[in-house]
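Using the hints, position chains L, R and S against chain E.
There are 4 protein chains.
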Amino acid sequence: MKSDILNIAVIGYGYWGPNLARNFFAAGANVAYVVDKDEKRLASAKRAYPMVEVTSDIDNALRDTNVDAVAIALPVSFHYQIARMALLADKHVLVEKPMTESRQSAEELIELALRKNKVIMCDHTFLYTGAVKKIHTLISENALGQLQYFDSIRINLGLFQNDVNVIWDLAPHDISILYYISGEQPVSVSAAGLSHTKNSIENIAYLSIFYQSNFIAHINVSWVSPVKIRRTMIGGKSKTIIYDDVEPTEKVKIYDSGYTVSNDEKNMFMVDYRVGDIYIPKLDTTEALKNMAQSFCDAVTKSIKPESDYSLALKVVTLLESAEKSLKNNGKEYKL
Amino acid sequence: MKSDILNIAVIGYGYWGPNLARNFFAAGANVAYVVDKDEKRLASAKRAYPMVEVTSDIDNALRDTNVDAVAIALPVSFHYQIARMALLADKHVLVEKPMTESRQSAEELIELALRKNKVIMCDHTFLYTGAVKKIHTLISENALGQLQYFDSIRINLGLFQNDVNVIWDLAPHDISILYYISGEQPVSVSAAGLSHTKNSIENIAYLSIFYQSNFIAHINVSWVSPVKIRRTMIGGKSKTIIYDDVEPTEKVKIYDSGYTVSNDEKNMFMVDYRVGDIYIPKLDTTEALKNMAQSFCDAVTKSIKPESDYSLALKVVTLLESAEKSLKNNGKEYKL
Amino acid sequence: MKSDILNIAVIGYGYWGPNLARNFFAAGANVAYVVDKDEKRLASAKRAYPMVEVTSDIDNALRDTNVDAVAIALPVSFHYQIARMALLADKHVLVEKPMTESRQSAEELIELALRKNKVIMCDHTFLYTGAVKKIHTLISENALGQLQYFDSIRINLGLFQNDVNVIWDLAPHDISILYYISGEQPVSVSAAGLSHTKNSIENIAYLSIFYQSNFIAHINVSWVSPVKIRRTMIGGKSKTIIYDDVEPTEKVKIYDSGYTVSNDEKNMFMVDYRVGDIYIPKLDTTEALKNMAQSFCDAVTKSIKPESDYSLALKVVTLLESAEKSLKNNGKEYKL
Amino acid sequence: MKSDILNIAVIGYGYWGPNLARNFFAAGANVAYVVDKDEKRLASAKRAYPMVEVTSDIDNALRDTNVDAVAIALPVSFHYQIARMALLADKHVLVEKPMTESRQSAEELIELALRKNKVIMCDHTFLYTGAVKKIHTLISENALGQLQYFDSIRINLGLFQNDVNVIWDLAPHDISILYYISGEQPVSVSAAGLSHTKNSIENIAYLSIFYQSNFIAHINVSWVSPVKIRRTMIGGKSKTIIYDDVEPTEKVKIYDSGYTVSNDEKNMFMVDYRVGDIYIPKLDTTEALKNMAQSFCDAVTKSIKPESDYSLALKVVTLLESAEKSLKNNGKEYKL
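Residue numbers (my numbering), protein chains in the order written: chain E, 174 to 509; chain L, 174 to 509; chain R, 174 to 509; chain S, 174 to 509.
The following block holds chain E by itself, in its conformation from the complex (with noise of 0.2 Å):
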């Protein structure tokens, strides 16, 4: 850093560069570069930011000396691309969810950022929420016993991707949240899903997650419904975790209700229900993005290891692959 605060290249200002470049000053970071093919998006990007410099050239920021680090928010299918050209430039990267369209680039990319001394970070947003730190605390503390199952559903009407499937598309989210609540690796995967529409990419699809331990996980995506549900169940032996992301305050429900197990005398087998209190923790409020950003900015200066961390987002881009595999054989159990 030639600085004492971070110069950051956003590369991309569609839907979520603004966003990006927002919470990295939010964060105390100096966005010097926007970067983008439309020249609408560079004068909107002016227009907020005056001192800002606009390029649809990407070299421009990444000639610059003064850059320390990229921001990628562009289609799937340029992450492994730009990321590269920008670690060869000798810049730290940010990258959207998911890092690469595959294992293999995924890879590449690290292995490049480890031989440059550069810090690789894929953005995986809602680590940085308050209520996936709320379940991520209380799951270290043990607060809902050995975990059972995760069962989520991301479903809404909107934003079809033309490069990638719903499973690529939405899923991270869910996959980033189980690795990094779950000590446990997964073993193998099994996902179904379908695709109406001509270009064959997928709008539905359920993936089953197997674990060597008495866990398994199951997410439901798709850009197909008319309403909006963000809903994860995680279930423990003694607690259960509701998590609901559409709620505006309420998020995160903490059941005390479950089941014991016993055999009576007889050997018979028992059942016994139990219904407790609930419990709705005050979550923290600050945007998770801002928590990203500062995330990425504590990585570069100060070699602090992010939650999100990129060991966690190969993890991802791999369950993904198997994921997307098993999908087009429906259902067939593909090991990671």
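In short, the hints are calculated from the structure, not lab data.
Relax, there's no trap hidden among the hints.
Since the list gives no way to pick one copy over another, a pair counts as held whenever it fits inside one copy or between any two copies.
Below, in silico cross-link-like pairs of lysine-lysine (BS3-like), each with a Cα-Cα straight-line distance of 25 Å or less:
1. Lys410 - Lys501
2. Lys371 - Lys410
3. Lys488 - Lys505
4. Lys307 - Lys463
5. Lys478 - Lys488
Same frame as chain E, but now just chains L, R and S:
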């Protein structure tokens, strides 16, 4: 029939038997016998209906030539044996869902019933609810356009079964609805699930059901959720139904929302989203079980084919059997 | 009492009478008589409880010296007359809410009961629900801090009464809860309302109840709402309860949110808002009416003062009477 | 107007001023000045709109003959004084709700505006929401039948005002909607409320508004509720609207439920209940404030009467004034 009204023996007077008895009376039939091994249950039946014969010996009911039909409300593992005895005793048979524990035994019962010229019917109660009847009508009238997906969640805390897993216990509801409303026959199934108890009976399961056309079905069942969810989405090309059975009154919502796919002049893939009105129809609130009882009586006395006829019941069992095989193989596709 | 268990005559077997009969049996009492003018209702009672005497002549029950008590489930306009007859016949009396149609008649009954040394009690069932018991306990333990407001909505479609308006029909629930949980006596009441029918009986009404301290209560009742709402907010200085009786399970929520008022150095008025955790306690799910029946039996046999004692019932009637006067004068304040 | 587009000075750049500025630009007007006493706010305005003049001296804006209109987003207690200054300086005036603190001052402003031939309009934003526009249309088309009641709750935690109580702060929303959708003029008002702070400014209040016909309105406002509720019921003889502004998408529901009153042959009072379909119309989602800004521009440049015109604003203030008097007298009816 010896008399003008149907004489029925209710076999099993635990949780569901009393509901059957009450609704057979409501439908104008006569419950002549209640059979149960438990003396307390028989006493309870006698208190409720002093004129009913109560007995712990099923043969008393089967030998009585005044008895036209039996209604079997026993655990699944007894269905085949008791239904077979009843048919051999020349009784019409109503059996709780699922019909039997295997495709083969279901086929045997049906063959026997046909040979004996007796009705055999399975109590898929949901087909007789105001909600499912309305959905059936809407789809019959092509109100949704071509069907694209069916996605159901049926989870709550409770009622672990000792003889069958959660698929055999809860999924028959969804599968019977699925067959009832969709004319198309499924091609194969993939399932996953897990048991958290020593008896290895799965308490969580996920089914994906594949079709020849652009249609897919998915079913999520669990006995271990602290909240009760009963929600089915049925997506068509033009409209989508959300059927929430936990809602006291507004159970069926029809969303006129969706998307249109087109190619623009540059042959780019384009999706237009459309958010439209929502319509919540008034539903028939007659108790479903009364309708079902009436349907069984009509099948016996007037040879009217019931909505829940034996061929639907056989399909349900067939699908369950394949789903269980797939579950044991972590999602491997099984042809139907 | 001539026998060890209480012998009760249930007077009125329409909507509520059968519930009373069932719960008196559940509470260990004996329903000796069911009295009703309608032969069909008597036949229904006889079917349900073959050993019960059924009669259309109340004198049969009152003359029977084995009868210890009567439970009156008739329209409000009959309460005074029948309760008086029962007391004069030396019976203990349970009467549905509200106790009578006027303060004066309630006072007469109470005086008569005291003179006859008999229990008179009004069935304010809500005081015996798990939800209200929990709220009562929380407030007794000062969990909310000083009470600031009580705000209740009790609206739905239906059950127009012929003899009393919506205040006398629905507000007794809220007023009895209000008296039960708040130690303070109200000072005055203001009410407004309207009738949309030719009989001029109000089907919509709003009550504001004033107190000496910094506490206020408000009640909104209606027979003409297409949705059913039963929600009460009870605000304290430190916490607030929201009691939603339509919720199947999560009826009582305790919000640790609020505000703090302070004056800053410049003597400016400052308010700090605080959003905290929410807690949903497990509630006792015993049927409230069984608890009420038990409470009446205990009052008669063990002289245990019931939660819903006559002095509370009298206060309810007194407030209703003043509220109605205010309603007829478009909100004019009436002292209590 | 000196130029083709309207030049506006926004007076007050706290919470609402930035929204006004943004939406005047969106509506095609030009914000020429931002006036505020706070230097930080002015700097924020300058950052957002570099071409805008920012000043702490309102006279700079009022003296500029290029300025056609002012938009006043100050605390209520400043409305009269600043609006008067602006009118005297020959500017058109938009003022936040409520127009002024008293009926008299509102009448003075209107008289002055008429004399000066200037537009004076009050920003009753809700009249420009898709939801209220739809409700207005439905009622105009007599879709509900004769109106019977209007019942609104507007409560949440926060935003205690220093200069006006909760009636003046929150009830203008409901009262403006009430006047907009109902053609009938109210006759009188009864109100109750309470302050829990030393400054005696009421933070809880209830209003009942009486009409000549069989219609009644009720408004429940509070700054001290831990949950945010914004729900209005509008009942008609044939249908009822429930407008829930907290709902993200399904804000307006139309219930085809109700009751029919009849006299049977014995001249008994009979009520038949009817539960029908529910319909949730798609709403215009244009930002209401942009519509309001457009309406003000159209009033100035094209003399089109706005939905939220001065006579409606005056009625709102008049009702507020009487409601406050009633509140100070515990519900005493005040004629309008």
